Structure formats: structure tokens, C-alpha cells
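J.: Spelled out from the first residue to the last, the chains are:
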Amino acid sequence: MTHQKISMAQALNQALRDAMTADDSVLMFGEDVGALGGVFRITDGLTAEFGEDRCFDTPLAESGIVGMAIGLAMNGMRPVVEMQFDAFGYPAFEQIVSHVAKMRNRTRGRIALPMVIRMPYAGGIGGVEHHCDSSEGYYAHTPGLTVVAPSTVADAYTLLRRAIEWPDPVVFMEPKKLYWAKEEVDLTEPAPGIGTAVVRREGADATLIAYGPSVPVAMEAAEAAAAEGRELTVVDLRSVVPFDDETVCAAVRRTGRAVVVAEASGFASVSSEIVARVTERCFHSLAAPVRRVTGFDIPYPPPKLEKFQLPGVDRILDAVDDLQWEDS
Amino acid sequence: MTHQKISMAQALNQALRDAMTADDSVLMFGEDVGALGGVFRITDGLTAEFGEDRCFDTPLAESGIVGMAIGLAMNGMRPVVEMQFDAFGYPAFEQIVSHVAKMRNRTRGRIALPMVIRMPYAGGIGGVEHHCDSSEGYYAHTPGLTVVAPSTVADAYTLLRRAIEWPDPVVFMEPKKLYWAKEEVDLTEPAPGIGTAVVRREGADATLIAYGPSVPVAMEAAEAAAAEGRELTVVDLRSVVPFDDETVCAAVRRTGRAVVVAEASGFASVSSEIVARVTERCFHSLAAPVRRVTGFDIPYPPPKLEKFQLPGVDRILDAVDDLQWEDS
Amino acid sequence: MTTVEEQLLPSKEPVRLIDQDGVLHDHSSYQLPTQQALVDGYVELIKGRRINDQASALVRQGRLAVYPSSHGQEACQVAASMVLADGDWLFPTYRDTVTIVSRGVDPIETLTLLRGDWHSGYDPYARNVAPQSTPLATQLTHAVGVAHAARLKGEDTVVMALCGDGATSEGDFHEALNFAAVFKAPVVFFVQNNGFAISVPLSKQTVAPSIAHKGIGYGVPGERADGNDLAGLLAVLGQAVDKARAGEGPQLVEAHTYRVQAHTNADDATRYRQDDEVTPWLAKDPIKRLEAYLSSAGLLSDDIKRRAEDAATRVAQQLRDGLMPEPSVDPEELFTHLYAVPTPQLAEQAAFLRDELAREEA
Amino acid sequence: MTTVEEQLLPSKEPVRLIDQDGVLHDHSSYQLPTQQALVDGYVELIKGRRINDQASALVRQGRLAVYPSSHGQEACQVAASMVLADGDWLFPTYRDTVTIVSRGVDPIETLTLLRGDWHSGYDPYARNVAPQSTPLATQLTHAVGVAHAARLKGEDTVVMALCGDGATSEGDFHEALNFAAVFKAPVVFFVQNNGFAISVPLSKQTVAPSIAHKGIGYGVPGERADGNDLAGLLAVLGQAVDKARAGEGPQLVEAHTYRVQAHTNADDATRYRQDDEVTPWLAKDPIKRLEAYLSSAGLLSDDIKRRAEDAATRVAQQLRDGLMPEPSVDPEELFTHLYAVPTPQLAEQAAFLRDELAREEA
Ligand SMILES: Cc1ncc(C[n+]2csc(CCOP(=O)(O)OP(=O)(O)O)c2C)c(N)n1
Ligand SMILES: Cc1ncc(C[n+]2csc(CCOP(=O)(O)OP(=O)(O)O)c2C)c(N)n1
Ligand SMILES: [Mg+2]
Ligand SMILES: [Mg+2]
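Protein chains in written order, with this note's numbering: chain A, 1 to 328; chain B, 1 to 328; chain C, 1 to 362; chain D, 1 to 362.
Chain A with its partners taken away, still in its complex shape (with noise of 0.2 Å):
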């Protein structure tokens, strides 16, 4: 399967299938994953390939669903379970804090507790309310849990397998809006673990940090401050927990600025730890202050005005411009 063009939602699916071939033990289950494959088709045709037992519907309950699922996890399988958007995993919250994320602890480590929370996320595809929310932030600010959200084809691929093979419950976020756009990939490709981000691009200037839909997002502004004689350096973070301090910090410490962009409302937010760990980290390297592009704190807005809370190239642009070129 080297060199093939295809979508994230086609490589997540290939994801699914390649873990539940490999390991008899995998599963995967939740509101209309079954015949249908999903309201997004990421299990389009697990059912028919790995049977009902393996890729199965269940009832309309989200809470029922991760509470099953560690249960299932305590007693050998390993399943990934999909919370059909994000905003409805919220009648799961309780399970997901109380329980998903301290269940090895509470144990000093006897339970572990291998599974996997997929949810659709975040904005752009011009959903009604509680179609489009980044809930990322309450997942990592929960001890215990591991937080990752691919932005590339061939990261959605790998980010996946890893999860499923993490000895720990990952809540993996899948960036709606790129499920559908293909890439060329080459999914036997070796590509690194959960916990470490990649630089997308390289540039002196300044940095800017992301993950998920935003990458896409940064990379396009590069490319346009590029054009207009700056260069910047994006760091696509892949995960949030386990935060890739190091490169991070060494991307900013070369640039001596940066910007970071995330969809999710920025109050009390991973970008706030971004923006606070940074600064904590490479305080007199910093020629301005870190700036933050994100969605404003308000609900998510209906599809006709989605454009004005989604962070863009422009605003990117504007943040970058704002860091105080005249004073370095």
C-alpha cells in the first residue's frame, strides 16, 4: 500500500482495520458504527469484515458506551470507542474524569486500562450547534488521560495504531474538517510515537504552534508571510498530552517569537499552557510576547458566521505582524 492518494477519513479507517487484523482482541463500537460506518464512514465496513462482535452498534448512550468500554478494557480487549461529535461526549465526561483517566492510578497500576475515545472534532464544515465544538482542552487539563489529534493523512494513519497500541486510554480528536482531503502517503512509512511534535516547516522569524485542523491553517500562513519576506517555522504538535517540550522550545528559542493558533475557545486552554509553558521556558529568548490566535470565547457560532470565529491565514498574518518587529 505505498504511495497512495487518499483521505484522513480513509486512512483512519485503513487504521481500524489494520489494528483489528493484527490484534484479535481490538474493538470498536458506538452509536452507528455498525452498518451504516459511521456518520463520517471512518468504520465503513469493519462490521462486514470483522463480524458483530468486533465493529458493533450500540445503544444511544454515550456514557454507557465509555463505562462499557472500560469494562471491556479491564478484562483483556482493547477498544475504541466513537463519540459520534465530540459535544455529545460530554454525557460521558463523568466517565471519561473519574474513571477512564484514574482507573491505573487508582490501582497503582494493576488496571490499566487500553482503550481508545474517538471523537470528530472542532469546526468548518458549517455544522449546527453542538455539531462543531474542540472540547481538547477539558481532555487535557484531566490527569490521567493521553490527548492527540493528528493533522495530516499519514499522521491520522500512524496517531491511530499508536493509540491502539498505548498501554493508556488515548482520547484521539479527528479534525472534521480534513477528513476529506487526500494526500499522497505511504502508510509503511516508519513514523514516530504519541508525545512528539514534528516541524512542519523551518524559518527563522518566528514560530508558529499548532495542532490538528490548525495546522493546515499555519502552514498556508507561512506560506504567505513567506511571500512577503518573513519566514516561520510551524510546529504541528500531534499531541497535547504528552506535551513535546522539546521541540517546542527549541523552535521558539531559535525564532525568538511566536504565535499559537488554535480553534478551541483560548480561555483556560491548551493554547493558555502553550502560551504559559513557552513563556515559562524561554522567557529571555523571547524578543515579544507569545500571542495566541484562537477561537473567540463563545459558543461555537452557526454556520453562517462559523468564518469570523475560525482562526485564518489573516489573523495569523496580523498576530505575526504584532510581534513587535521594531523593538528586536
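To be clear, the hints were calculated from the coordinates, so they are not data collected in a lab. Just so you know, not all the hints are guaranteed correct.
Unchecked claim - In silico lysine-lysine, BS3-like type, Cα no more than 27 Å apart, as pairs:
#	chain 1	residue 1	chain 2	residue 2
1	D	288	C	184
2	D	305	D	284
3	C	12	D	305
4	D	288	D	12
5	C	153	C	243
6	C	12	C	243
7	D	184	C	12
Said to hold, decoys possible - Here are some chain C residues the structure puts well away from chain B; computed CB gaps all over 10 Å:
#	residue
8	3
9	143
10	144
11	238
12	278
13	305
As the list claims (entries may be wrong) - Partner residues are not named here, just some residues of chain A that face chain D (Cβ under 8 Å, in silico):
#	residue
14	21
15	22
16	61
17	69
18	72
19	74
20	104
21	110
22	203
23	245
24	317
A quick note: this is a predicted structure, and the numbers were derived from the prediction, not measured. We treat Cβ as the ideally placed atom computed from N, Cα and C, and that holds for glycine.
Given chain A, put chains B, C and D with the ligands in place with the hints provided.
T.: Using the frame of chain A, we list chains B, C and D with the ligands on its own:
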């Protein structure tokens, strides 16, 4: 009732009593808040005084409690509900995030939800698992909520009164470990409203920024620092949302150095936000990066180990020492 | 079997007063609604069907973002509104456009959500209709709160709370029924069991004898009705509303109906069900059977037919006109409705956007 | 009333094989357990009571942080463990110390949570006992998962999932029963209805005819038993376990018992109930009645009495000894158990604490 020595628990009880007397539409309900008066006795005597219709026990279901409060608020009431411990508010997370926070915005201001969710929170009381969480970060990250945390007896009274009168939903975080300490207070004194931080102590060398249970610890640390010849300003946020940038930034600019103190795990937290926004706004006034003294990124420890998790005076003083004094 | 169980368990068969051939059936506990009600209901059915079909067409034209149609469920939609008094409350879901319009809310305002202009477009207090709920079953506890508030105020309001078969699996369904029962809140929980939750058939949702059997676990009387028989629904829901109003506490009603079309236009039902499963349900169409009955009873005058057709034409026209121009939503609104008074943070962000837009325009 | 309802609704009266005077009652559906079982059960009851009383005493001495006693509920506690086979699973709550110890878990390890050393102290896989759950009803869906995994692996494991009357109001109770029913998971949901959720009496928790009546709403057979009659409980729970093991799907059993003491030592029951409400329940004590029956049946030999007393003395001594010294928990453990491999962030924080402690010691 001028100048009495009462505990925070009594002040909160008095605030509820006075609010219920002042306004017939104020209701208080939740688990064990009736005859028992709440496991912390905050609702002591309210059923006896106002009757079962005004203060009542509900079935044991937090989502139901918050959901019912939403409906009551939609139909002319001002409900105050108690989550018995803040970790038991997680089952209501969906209701809080998808409805409490969004209803006014969803309906273009037509449905207001004047309601208060009281949450006994944070640690330091030797509570077993799930009884000492600090969950304010989840709520602060959710646009549409107002998040308040008193640190003194007088503020507990005033802020709860203001919260009940507030036109919008308030998540009211009550620092459990401060419930019992008594202070001399005058509850009739005029007091500032929600959204106003207060400088609890002035000092030129550095600023401690804290809220809720961390304020007395910060005050103690400032006391100790003074003994060592370092004068610290202590800002008590009082409300996390809205955030009083003006008071906080004025203090930081005056002192050039700052430490944020909070019990919650630090990653992607309210503390991260404070560091980020203070740095964004006061960058060139800062002689050193803003430091955080927070809980570690671990589940709240069992009683025997909680002392290691709590931000204590020594840890705060160490952080202050760390503010690169040699550079200045 | 004690009296308690007899009181709380549903009828052995779903209540049906008019069968799919339009033939009348007597029932020991329920009476045929008045001729007037049936005739008015017929007009509403025709109108409701037209709303569904017109809205679906408008989705295909890109004038609505999405439309979850209640095609085939119009009897439920119409009955749920018809049994309510003016001061009563309705708690609808995303699929209940027809009920909402039937209750008198402006159809364009109703479709604001699905058009993508705003999250909810009508004034909930104008006709006592809560915003349509998307997160399943979550609105049911709100309904209990509204009903309880009414009782505290001494009002005799009844609240009609709608949900689907899938939604009954959510924890909030359970909590709402239990709270309503314990507080004797006047709520009629009306479950439109249309056989599917998106792709998931009822058999994977529950193995209970029926959804109406869930009532007894809360001490709530459960009843079930043929969901395509407007007459039966009016009788059963009408009685439920009466009992709730009379202080007998919450009532649970399950309607057996069928989602004839896909979940929404975005769904592809061929992936999970065969056409021959759908066919028998077409014969059970709620409009056909009421028409058959009214005809045979001599109640379907030309005048009535014209009234129905006029109402349908009017609402379709309203939809086509109202959903025509690109509506303008002021981006400033993003910041103004979160709080009675915007936080300083929001004010700052609003200014940022205003500034950005001004620069773009310049 | 059809067969389905007869199959799913509970017996008209809670099953009772031995009444409070120790008198035997025949039952059409349940048989008296063997003499051996009753005698073994008696020993466990005596031991269980001693655990409760000793643990409460240790709280007063400050050697346990808190203890939610099952005093008066020991028949439920003992029966829940006795009916399980070795490979089966138990999902207990904070109140179920006695069941856990009955299942063979070390009492000191069991009390780790309540002593404050760590969140859970025993190896869940050693005796297939899940950690005690504090968030109410949340463990019930885990039980479904464990049971479903066993079925997928072709094992005939049964899972006993415990909760209280209050916990049945939580959404997770609903979701767990429904999931178990739909997946035919071999779970016995065992509700110890002790009349109270802290201060809230059952009448404010639910107005259902009984908690066992909640089963039918999921297609799950519900049964109820006198919760102070070990014989009846062994019969009812034993049958439920057998049915679950035989592939008949989940079972719901409600035990009618009473929380004789306060919720925990931290609670003050005089604030919400009268002593004269408690008194009649003292006469229904599970130990007294089994003792009365065993005596009258000539089964209570001196040998048995000695066996019981020895077991009780031994466990009490174990508690006093084991909870004596201040146990040492290494603060380093705060960081080591969250992940299989600590994140760099945690490693950094662990180093910070290590450094801090080293400086303090220096
Ligand atoms: C809490 C929650 N989970 C998931 C969804 C996604 N979702 C929307 S509609 C639907 C199916 C609902 O089925 P049912 O309750 O039977 O109503 P119907 O659509 O048939 O009217 C699902 C799963 C949601 N809206 N809310
Ligand atoms: C989700 C959740 N909400 C609230 C609590 C606080 N709480 C602990 S025990 C209890 C009462 C439980 O009553 P019941 O289920 O009847 O069990 P019992 O204590 O009687 O054994 C409450 C409200 C909790 N532990 N979990
Ligand atoms: Mg349906
Ligand atoms: Mg109880």
C-alpha cells in the same frame, strides 16, 4: 448583624437565607440539602424556615438536578443547586456545558438562566477519592458561565448574594477547607460585585495571584516573605470569569514579577490562563517569567499524601525566590 | 397482578381508533375525538406533510443546511400540538418542526437553526415552545423544571416533552422521568418511536416489551398508541394531558410510527435497511387513513379539502419566500448574547473583530 | 397481563424463606439453601458484623478516615459473595467492605481507601473484585463491559454489580441495565435498598412500586427479596446468577433492608429520622433470625458457634493490628501510576518534589 464572628459555612447559610427572604423565586435544592441541611450544613434550617417547596431534597442524579434547575429558571425561578462535591458535578457536565452555558446565547437573549450551581470544592480536608477535586478549569473554559470563588467569610456572603441576583448562571466554587474558619465580619458593608478582584496586601517586590482556597496560603506566604524582607502584593481574583485584568495587570506592572497560586492541576488550567494573559499584557514590565505554583498534573491524592499536592507556603516562597532576582 | 401494575402498564396493544384502511375501532378506554378535531387535524396533517416535503426540497437547493424530516410521523407531530392549551409548554427536538409550526410559531423562525443563521430563531415565550434540542433527551429534565415551576406558581400548565426512541437510552431520559414522578410534575413524555436512531433499529436500542413499559419503573403510567392514527393519538395524548393537568403527575406515551425517509438528507438509509422494510409502512400513512375515514364518514367536504390545500400552499410559499434571500446575521451578535452584560474579555474580543472587519472593508 | 410481564415483574411480595422469628416459609419458586450454606453463611454473618463494628471503632480512634458501615445489611453482603464462583466478578461500592472480605480479599488491603493510604488497595485481578466505586452507579456500566468481554472470550463468568437505592436514580443505572439487556450480558444487578441515600428516604428517591419493577423497562427480569433473610437472598441471588450464567441475560434483584446506623461516622442521622423508625428494624436483624432458625433446626452446634466466634475474633484482631502503625506511602507513587510510562511533564514534576523533599530533609 454588624460585626459578628462567623464561619464561611455560616456566611453562606446566611446568604441563602437572606436571598430567599428577599426574593420568593429563589429555590435551593439538591442531594441532602433538606432535613440534613447538606453534608456541610450550608443549607441548615432552610427547609424548616422556608418550607419544602423552597428548599428540598431531590433524587440522586446530578444531571437531573441541573436540568431541572434550567427549566425552573426558564419559568421564572431563581434556582440554587448544590453539587454535593464538585467531582459529583461531572454527571451534570453535559447539562452545564451544552445548556446552562449556551441557553441565553442560543435564544439571542430571550431565555436567561439566573441560576447558581454551588460546588464545595478543592482539598485540604483529608477527603477520600473524588472528594477534593478542583474543577473550576472546566467551567472557566466554557464560554457563557460565570465562575466565582470566594476566599473570605465576608466575600462568601457577598458573592453568593450577588451570584443569586446575577442575571446569568454562576458556578460558585466554595473552598471546603475554609468552611469552618471564623472571621469577624460586617455583612452589611457594601461590597463589590462579581468581576472585581481585590488587592489583599500591597508589596512592591512581586505579586501573588490567587483565588479561593489559595488566597489564605498566599497571604501566609506574603507574611513569611515580609519577615525575610521581601514585600509581596496578593491579588485575590474572587471571580475567574469575568476576569479582572485591570487589577491583576496593575499589580504585576507595579511589581514586575508574579507567581500564580492555585490548587488545581496546572496543565491547561485557570493558572495557565493567568500566566498567558498577564504575560501578553505586561511582557515588558516583567523581570522574570510568571511562575505557577499549582497542584501537580495528577489525580487528587489520597488523604495521607495530599500535603504534597497542595501549594504551600514554602513552595510559594521558593517560586518567588526563583523570579531571577539577580537579573534585576 | 395488582392494581398498581394495571394502572401503570400500557394497554396490551397500541391504541388504535382508526386503522390503516380508515375503519373505525371502538376502544374501552378511549373515545373518538370530535369531528371538528379530526377535520382540523386533517388540515394540519396536510400542511405538515407539505412543510416536510418543501423543506426537504429546499435542502436540495442549498437553502437549508440540513432537514430531519418527520415525513410519515405527521400524526404524532400534529397531535402533540393539538392537545395543548395556550399556556402549556412544548419541548421539541430537531425533528419536530411540524409540531412547532402547528403550535403557531413562524415557520421561518422555526427553521433558523436548520438554515444555519442562529441556534434558535423563535421567541420561546411567545408560544411557550422551548428551543429545539439537539443533545438527545437533555431537554426532558428542563421540561420537568418548567412544569414544577408552574405548579409552584399555582398555574395549571402542562408540559409536552418530545423525544425519539433512541433518546430513551440516554441517562437523562431516566432522570427526567424519575424527577417528574417524584415531584408529580405535570409533564407528558411523548416518545415518537419511529423504529430508528439514525441507522440503529429499535431492536438494538432496547429489548423491553415496549418503551411504554418503561413508565412503571418510575411509577409513571405508560401508554402506547398507533403513531399513524391521528384519532388514537389525540385520544391518548389528550387523556394524558388531562391527567397531568388534574394533578395525577407525569404520563409516558409511546407512539409506534416509522421514519419513512432517511435520518436527514445527509444520511443514506440504503446502507442499513431494505426498501421492503419501508413499503408496508407507506400503506399505514397517517394522512391516507384519516382521509379514508373522513371520506367514508362523509366529512371530507370540498371545503375542507380546499382549506387544507390552501394552508399547505401558503406555508410552502412562506418557506420558499422566507428562505430565499441570504439573511444577514450581524457578526457582532456573536458577543452580545452570552451574558446580560458582556465580560470585559468579550467586549475586547468584539472590538477586535469589529476592527478586523473594518480593516477588511477599508 | 401477558407472559412477558409475568416473566419480568417481581414477585408480589419480597421473597422471604425465614422470617424475623426464625420461622421457615415455603415459596413456590425458591428453595431453602442447603444446611451447609446456611451454616457457612452464619459464620460469615458473624464475621461481617464484627468487621463493621471493629471498623467503626477504629474510626473513632482515628485509625480509619471514614467508614460507611453495612451494619444490619450483612445478609446482603454475605449472600452477594457466597453465590459467586471463583472466576466471577464482583463490583462493590464504598459500603461493601464486608462483601469484599467475604470474597477473600485481605481486609487491610480492602480498607486502604477508607484509611486514606491510596484510592484502592487490593489487586482487582486476584479475586476478581473491581475497586470500590464512590461515584454512584458509575461502576455498573463497567460491570457490563467485563461481562461482555467474558462472553466474547467464551467464558461463563457472571458479574455481580452492587449499588444502593439512591444510586438507582443516576443515569448510569439506566444505561447499564439497558446495555446489559441489549447485549445479554451476564450481570446480576443487586440493589441493596436500605431505605436511605444519606438523609434522603426512598419515598423521595422514587415512587415506583419497587426498585425491582425497574427491570421490565429494559426487558430485564426484576425480583425482590427480604434483605435481612440470608436464606431468601441466597436462593434469589443464586437463581439470578444461574440464569445469567445460562445465557438468559442480566437480572435485577432488590433487597429490602435498612441502614441501621448513620450513613457514615461523619453523618448525624438524628437530623432526618426518628429513632422509633429504626427500632422495628433491629428486631429484623439478619443474624438474630438466622440464629433463631438454626437453633430451632438444631443446626447451631457449639462447634459452629466457636467457628464463627473464632473467625470474628481473627478478623477483628487483623484489623486492629493491620491498621495500627502509620503506614508509609511513598510520595513518589503520586507520579508513577498514571501512565505506563510517565509523561516528561510528570517526570519533571516528580523530580521537583523529590528535590523539594531532599531539601527539606537536608
Ligand atoms: C447526546 C447525543 N448523542 C448523539 C447525538 C447524535 N444524534 C443525533 S440524532 C440521533 C438519533 C436519534 O434517534 P431518535 O432519538 O430515535 O430520534 P429520531 O432521530 O429518530 O427522531 C443521534 C445519535 C445527539 N444529537 N445527542
Ligand atoms: C455521583 C455521585 N453523587 C453523589 C455522591 C455522594 N454520595 C455518596 S453516598 C450517597 C448516598 C448513596 O445512597 P445509596 O445509593 O442508597 O447507597 P447507601 O449509601 O445507602 O449504601 C451520596 C449522595 C456520590 N458518591 N456520587
Ligand atoms: Mg427514532
Ligand atoms: Mg441506600
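J.: Quick one: which hint numbers does this structure break? Sort them smallest to largest.
T.: Hint check: 1, 3, 9, 10, 14, 15, 22 and 24 fail, others pass.
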